[in-house]
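Using the sequences provided together with the hints, build the complete structure.
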Amino acid sequence: MFGKLLKYEIKHSSRYVLSIYICAAAAAAFMLLGMLAKVTWISVLGSIVLYTVGFAVVIMTLVSVIKNFYDSLYGAQGYLSFTLPVKCSSLLFSKVVVSFFWIILSCVALALMFVLIFLNAKAQSGSSFTGIYDAMKISGILDMLPSGAMIVKFLIIMGVLALLNILVFVGFVYFAVTLANTRALQKHPKLFGFLIFAGTYGFSNSLSAKLTTSIPLSVEITTEKVSIVFSSMDSAGQALASFGIAGTIFMALVATGLLVATGWIMEHKVNIK
Amino acid sequence: MNNIITVSSLKKSYGSKVVLDGVDFTAPAGQIIGLLGPNGCGKTTLIKILTGLIKDHSGTVRIDNEEPGAYTKGIVAYLPEKSYLPDWMRPVDAIDYFSSFYKDFDKAKAEEMVVKFGLDSKQKLKTMSKGQQEKLNLILVMCRQARLYVLDEPLGGVDPAARSAILDLIMNNYAKDATVLLSTHLINDVEYIFDRVLMISGGKLIVDSHIDEIRQKGKSVEDVFKEVFSYVW
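These protein sequence lines are chains C and F, in that order.
Counting from 1, one number per residue, gives the positions in the first sequence under this note's numbering.
Counting from 274, one number per residue, gives the positions in the second sequence under this note's numbering.
Check before you lean on any hint, since a few could be wrong.
Coverage of chain C stretches by chain F, computed from C-beta distances (three or more under 8 Å per stretch; other residues unrestricted) [stated by the list, open to error]:
| hint | segment |
| --- | --- |
| 1 | 70–79 |
| 2 | 205–218 |
| 3 | 265–272 |
Computed cross-link-like contacts, DSS-like style, restricted to lysine-lysine with a CA-CA straight-line distance of at most 30 Å [stated by the list, open to error]:
| hint | chain 1 | residue 1 | chain 2 | residue 2 |
| --- | --- | --- | --- | --- |
| 4 | F | K389 | C | K11 |
| 5 | C | K7 | F | K376 |
| 6 | C | K187 | F | K499 |
| 7 | F | K380 | C | K4 |
| 8 | C | K269 | F | K477 |
| 9 | C | K7 | C | K273 |
| 10 | F | K376 | C | K190 |
| 11 | C | K190 | F | K397 |
| 12 | C | K67 | F | K499 |
| 13 | C | K273 | F | K284 |
| 14 | F | K284 | C | K190 |
| 15 | C | K7 | F | K403 |
| 16 | C | K187 | F | K403 |
| 17 | F | K382 | C | K7 |
| 18 | C | K11 | F | K397 |
| 19 | F | K376 | C | K269 |
| 20 | F | K395 | C | K11 |
| 21 | C | K7 | F | K499 |
| 22 | F | K477 | C | K7 |
| 23 | C | K67 | C | K7 |
| 24 | F | K399 | C | K67 |
| 25 | C | K7 | C | K190 |
| 26 | C | K4 | F | K382 |
| 27 | C | K269 | F | K380 |
| 28 | F | K449 | F | K355 |
| 29 | C | K11 | F | K376 |
| 30 | F | K397 | F | K376 |
| 31 | F | K284 | F | K499 |
| 32 | F | K403 | F | K389 |
| 33 | C | K11 | C | K67 |
| 34 | C | K11 | F | K399 |
| 35 | F | K399 | F | K355 |
What the hints contain is simulated information worked out from the structure, not anything from laboratory work.
Please read these numbers as outputs of a predicted model, since none were measured by experiment.
All C-beta atoms in this analysis are idealised placements derived from N, C-alpha and C, irrespective of residue type, glycine included.
Right, here's the structure in full:
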């Protein structure tokens, strides 16, 4: 049954995000057209459009995740969703999984768009990749770059952090939308949803910052190594990235707790209008 | 015989407004029950509680001896007052959806009925008239071999000819050992199908009678309804 929930959740939510991807594809095609035809103004304009659309894809995906969750559970479609012969936890989990899927896909799309913009810029400047490589080698920049293994480690850690951030977004948003649709608050669900999100996220974030300061244990990634340091900040100021362990774990735990609470509210306090 | 519905001391309030105030009744399998009362008397709230759409109530509700949940939703076919399918769906998508989730859904019968009722299986819901959407919703519900059918105002807002067609659709397609709970305020059109009527007023169940008892007194359901709810006017 969970597989069917996922199938229909993807089918349904794709209606919200497909148009955004179509816009992005059109912008990319416009820019590539300029590149191939060697018409500078088209490819420059295409780059600007693609850059704008790239961020719009991510933002619109986040908005779509919220809108789809609200419409399919607490709008008229809630009559359909909440009368399916499945547990509320399965319903919620399918929405979480599909939200992760769309957000990750949008981030990948954004990265691909940046690669396209970079390639376009290179084509415009007339420099070849071998020329760039040679110039970097001569100037010694290549020696300063991290090794392949370090880049893999960096990407893995950043990937895990990105997943945790998606968990935090989904957990706080789903909880706020669900709590705002309980009996006491559902006269103004959008207003209360926003206030609950702002309140819980702001409060948890400030606690997370305090925890990071009071438990000075951070992961620090430099070009040479990944290390755990006894500091709340990038001690040497030379790290590629650093983050407080306590604060990050705290936010992930709070988001998980909020998702569990969301499932409980859906199971025990739901009141479909 | 086991009761398909057991409701005991059911209470539900919206803020200070008490909508259901200690409702008790049971329903065995195989009855067609009319749930009657004026607008705003709590019929829809009772139905939403039975179907698991409202959980913040007090008292006991059991469907086939289980609390409303995943199991009961598998044996209850529910027709809400409002259209609840996503507007991108076409009849063919809706049939596919119901057949995926409900084991008791008869896909072939639904496809046949879509054609019979003059619906285009490839037309999107958002381009359908309200009447066409209501037809599709009813087809989806009545193509299930459910243990309990809960129909909330299936006759509301349709002309007398359509009412007759809807009643025929219900009567010809519900599983014969199932219970049908049908809420309406258009009593005259439907009273002949009922085995039993429940009337709600002021949050309380004030009439729970078998149709034979009413007829033995030389009355119709509409007469009883008018007696009970004359104060409303």
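Quick check: the segment 70–79 of chain C, covered by chain F? Criterion 3+ residues, Cβ under 8 Å.
-> holds (count 5)
Given the hint that K187 of chain C pairs with K403 of chain F, test it: the Cα-Cα distance must not exceed 30 Å.
-> It holds: about 26 Å lies between the C-alpha atoms, which stays within 30 Å.
Within 30 Å, alpha carbon to alpha carbon, are K7 of chain C and K190 of chain C?
-> Measuring from Cα to Cα gives roughly 28 Å; hence the hint holds.
Decide if the proposed pair is consistent with the structure: K389 of chain F and K11 of chain C, CA atoms, cutoff 30 Å inclusive.
-> 28 Å, holds
Please work out if K67 of chain C and K7 of chain C have their alpha carbons no farther apart than 30 Å.
-> 18 Å, holds
Does K4 of chain C lie within 30 Å of K380 of chain F when you go C-alpha to C-alpha?
-> 17 Å, holds
Agreement of K11 of chain C and K397 of chain F with the hint, judged by alpha carbon distance not exceeding 30 Å | 15 Å, holds
Compare the distance between the alpha carbons of K269 of chain C and K477 of chain F with 30 Å, and conclude whether the hinted pair is satisfied.
-> Since the Cα atoms of K269 of chain C and K477 of chain F sit roughly 23 Å apart, the hinted pair holds (cutoff 30 Å).
Compare the distance between the alpha carbons of K190 of chain C and K397 of chain F with 30 Å, and conclude whether the hinted pair is satisfied.
-> Roughly 29 Å between the alpha carbons, so the hint for K190 of chain C and K397 of chain F holds.
Under the criterion that the straight-line Cα-Cα distance not exceed 30 Å, is the pair K269 of chain C, K380 of chain F satisfied?
-> 34 Å, violated
Restraint check for K395 of chain F with K11 of chain C, where alpha carbons must lie at most 30 Å apart | 17 Å, holds
Holds or violated: are the alpha carbons of K11 of chain C and K376 of chain F at most 30 Å from each other?
-> 21 Å, holds
In summary, the structure is inconsistent with hints 2, 6, 10, 12, 21, 22 and 27 from the numbered list given earlier, while agreeing with the others.
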